[in-house]
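**Student:** The primary structure of each chain is shown beneath.
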Amino acid sequence: MSETWIHIIMVVLILLVLLTIAAGLIYVERRMLAVWQDRYGPNRTGPFGLLQVLADMVKIFFKEDWIPPFADKKVFVIAPTIVMMAVLMSFAVIPFTPGIGVVDLNIGVLFFLAMSSMGAYSVVLAGWASNNKYSLLGGIRGSAQMISYEVFMGLSLMGVVILAGSFNLRDIVEAQRKIWFFIPQIVGFVIFFLAGLAETHRLPFDIPEAESELIAGYHSEYSGMKFGMFFVGEYLGITLISALVTTLYFGGWLGPHFLPPIVWFLIKMFAFILLFILIRATLPRPRYDQLMSLGWKVLLPLALLNLLVTGAVVLYWHL
Amino acid sequence: MISHLRSLWLVFKHMFHKRETVQYPEEKPYLPPRWRGRIVLTRDPDGMERCVACYLCAAACPVDCISLQATEDENGRRYPEFFRINFSRCIFCGYCEDACPTYAIQLIPDFEMAEYDRQNLVYEKEHLLISGQGKYHGYNFYRVAGVDAGVKPKGGGEKESEPVDVRKLLP
Numbered sequence: 001m002s003e004t005w006i007h008i009i010m011v012v013l014i015l016l017v018l019l020t021i022a023a024g025l026i027y028v029e030r031r032m033l034a035v036w037q038d039r040y041g042p043n044r045t046g047p048f049g050l051l052q053v054l055a056d057m058v059k060i061f062f063k064e065d066w067i068p069p070f071a072d073k074k075v076f077v078i079a080p081t082i083v084m085m086a087v088l089m090s091f092a093v094i095p096f097t098p099g100i101g102v103v104d105l106n107i108g109v110l111f112f113l114a115m116s117s118m119g120a121y122s123v124v125l126a127g128w129a130s131n132n133k134y135s136l137l138g139g140i141r142g143s144a145q146m147i148s149y150e151v152f153m154g155l156s157l158m159g160v161v162i163l164a165g166s167f168n169l170r171d172i173v174e175a176q177r178k179i180w181f182f183i184p185q186i187v188g189f190v191i192f193f194l195a196g197l198a199e200t201h202r203l204p205f206d207i208p209e210a211e212s213e214l215i216a217g218y219h220s221e222y223s224g225m226k227f228g229m230f231f232v233g234e235y236l237g238i239t240l241i242s243a244l245v246t247t248l249y250f251g252g253w254l255g256p257h258f259l260p261p262i263v264w265f266l267i268k269m270f271a272f273i274l275l276f277i278l279i280r281a282t283l284p285r286p287r288y289d290q291l292m293s294l295g296w297k298v299l300l301p302l303a304l305l306n307l308l309v310t311g312a313v314v315l316y317w318h319l
Numbered sequence: 001m002i003s004h005l006r007s008l009w010l011v012f013k014h015m016f017h018k019r020e021t022v023q024y025p026e027e028k029p030y031l032p033p034r035w036r037g038r039i040v041l042t043r044d045p046d047g048m049e050r051c052v053a054c055y056l057c058a059a060a061c062p063v064d065c066i067s068l069q070a071t072e073d074e075n076g077r078r079y080p081e082f083f084r085i086n087f088s089r090c091i092f093c094g095y096c097e098d099a100c101p102t103y104a105i106q107l108i109p110d111f112e113m114a115e116y117d118r119q120n121l122v123y124e125k126e127h128l129l130i131s132g133q134g135k136y137h138g139y140n141f142y143r144v145a146g147v148d149a150g151v152k153p154k155g156g157g158e159k160e161s162e163p164v165d166v167r168k169l170l171p
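Those sequence lines, one after another, are chains L and H.
When we follow full-length UniProt numbering, the leftmost residue of the first sequence carries the number 1, and every step to the right adds one.
When we follow full-length UniProt numbering, the leftmost residue of the second sequence carries the number 1, and every step to the right adds one.
If you are wondering where the hints come from, they were derived from the structure by calculation, not from laboratory data.
Since we're looking at a predicted model, the values are computed, not measured.
One thing to keep in mind: the hints can contain errors.
Stated by the list, open to error - Sample of chain L residues with no beta-carbon within 10 Å of chain H, all distances over it, derived: (1) W36; (2) Q37; (3) K63; (4) I147; (5) L254; (6) V263; (7) W264; (8) L278; (9) L305.
Said to hold, decoys possible - One side of the interface only, derived from the structure: several residues of chain L facing chain H at Cβ under 7 Å: (10) D38; (11) R39; (12) Y40; (13) A281; (14) T282.
Virtual Cβ for every residue (Gly too), placed ideally from N, Cα, C.
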C-alpha cells in the first residue's frame, strides 16, 4: 500500500476516534458530575447507562432543525461548523504517539494558536447571526474573552518552546525525556490550563453562554444538529486542550515501558478531561469584569514574568 | 486560589460518599404514616360509610376539586349520593381531612396514581371508598351523635344521657 493511503486511513481513523471520544464525553460528563454530586447520573440505558450517548444522539438528530426567520441565514448555518472545523484542524498537529499523528509540522504550536483563534469566529458569528439580544451579548462577551485569553495562552506556551527549542510538538515531547515540563514550567502550566478553560468557554468561564443570565448566550437560537455541533465542538475543545496539556507539559506519550505509548497518552489526556469536569462541578462562574481583570491584571503579567525568568535561566545556564 | 483547590478536593471526595438518589421503581422511598397522598373515604367500625355529606371538605378545598351530593337513607342517616374528587386538580393540601368532622376523608401515603388519560384521574365514590377505618380506629360518628339514624336510639349512645323530657318540671 502506498504512503498516501496509509496517511488517509490514519486521518480518517483519528477523526473517528476523536468524534467518538467527543460524543462519549456527553456520557462521561453527565456521569462524573453526578458522581461528584452524590447522584448516579444516567444509568438506565444499557449497561451502566452507556447507551445514553446513543439516545442523546438520536434525540438531537430528530429535533427540528429550525432557523429563526429573523436570523441571518447563511452566517447562522456556517457558524456552528467553524468551531468544529477549527478544533479538528488543531488536532492535526497533535502527536498521539511517535507513529500516530496527522502531520509533523515544524510550527505546530503556532498552528494550534491560529486555529484556536478561529474558534472565536464561531461564537461571534453565531451571536451576530441569531439577531437576538442575548445571543449578541454572548457573542460579544465570547469574543472579548477568547481574544484576551488568547494573548497569554500563547505567552505561557513560549516557556515550553524556549526549553524545547522548537515549535514542533514532537520535538517538545522528545525534549521531555529527562523531566516533564510541568515541573520547570509550573506557572506556565497553570496559566495555559486556565486560558484553555476560557478558550473552550467551559465552566467556570462559560461567560458567553452563562445560562442564568444570557439563557445559553450565543447558541440560544440554535436547535437540532446545529446545537449539537456547538456541543460536540465544546467537547472536542476539551479533548484538544487536554491533549495539548499532555503533550506540552506532561510528556505526551512518554511513560514507563509496561504500557504502549498510545495508552500513556490517553491516560494522561483523560485525566485532564476529568479535571475539566471536576472544575465544572466545583467552581461558580465569576463575573464578567472579574474574568477580564483576572486575565489582564494577573495572568498576563505572570505569563510575561514566567517567560522572562525562563529565558533568563536558559540563557544563563545554557540549558 | 488555596480555597479553590480545597473545594476541588472536597468535591472530588464526594466520589466516595453515599449516593442520595433513591432508585425509584426498584427501591421505594419511605413515606411517613402522615404523608399526604391519595385521598380515601373510610368506613366506621360497623362497616358503614363515615361520610355524612356535610360539604365541609368541599368548602375547605382551595382548588374546588371535591364535589358531592348529600342524601338520606330511610333511617335519616346522611350519606353522599355521589362523591367525586378530581385528582388532576387536587394539590394534596389536606385541608379536607382537617375539615372533616367524622374522620371520613383521609389522605394516605400513596402517590402512584399516574394515568395516561386525564379523565381517569377523576375518582368516583366507588374508587375512593375503602373497606377499613384508615388512620383513626374505633370512631363511629352515629354512636356519639345525638341523633337517631338507625345506629342507636336517642340517648343510647356512649356517655350519652337520656333525653330530657321538656314537659316535666322536675330537674
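**Student:** Next, verify each hint and record whether it holds.
**Tutor:** Hint-by-hint comparison with the structure:
no. : hint : result
1   : W36  : 5 Å, violated
2   : Q37  : 7 Å, violated
3   : K63  : 24 Å, holds
4   : I147 : 25 Å, holds
5   : L254 : 26 Å, holds
6   : V263 : 23 Å, holds
7   : W264 : 23 Å, holds
8   : L278 : 6 Å, violated
9   : L305 : 16 Å, holds
10  : D38  : 5 Å, holds
11  : R39  : 5 Å, holds
12  : Y40  : 5 Å, holds
13  : A281 : 5 Å, holds
14  : T282 : 4 Å, holds
Taken one by one, the earlier hints fail for this structure at numbers 1, 2, 8, listed in ascending order.
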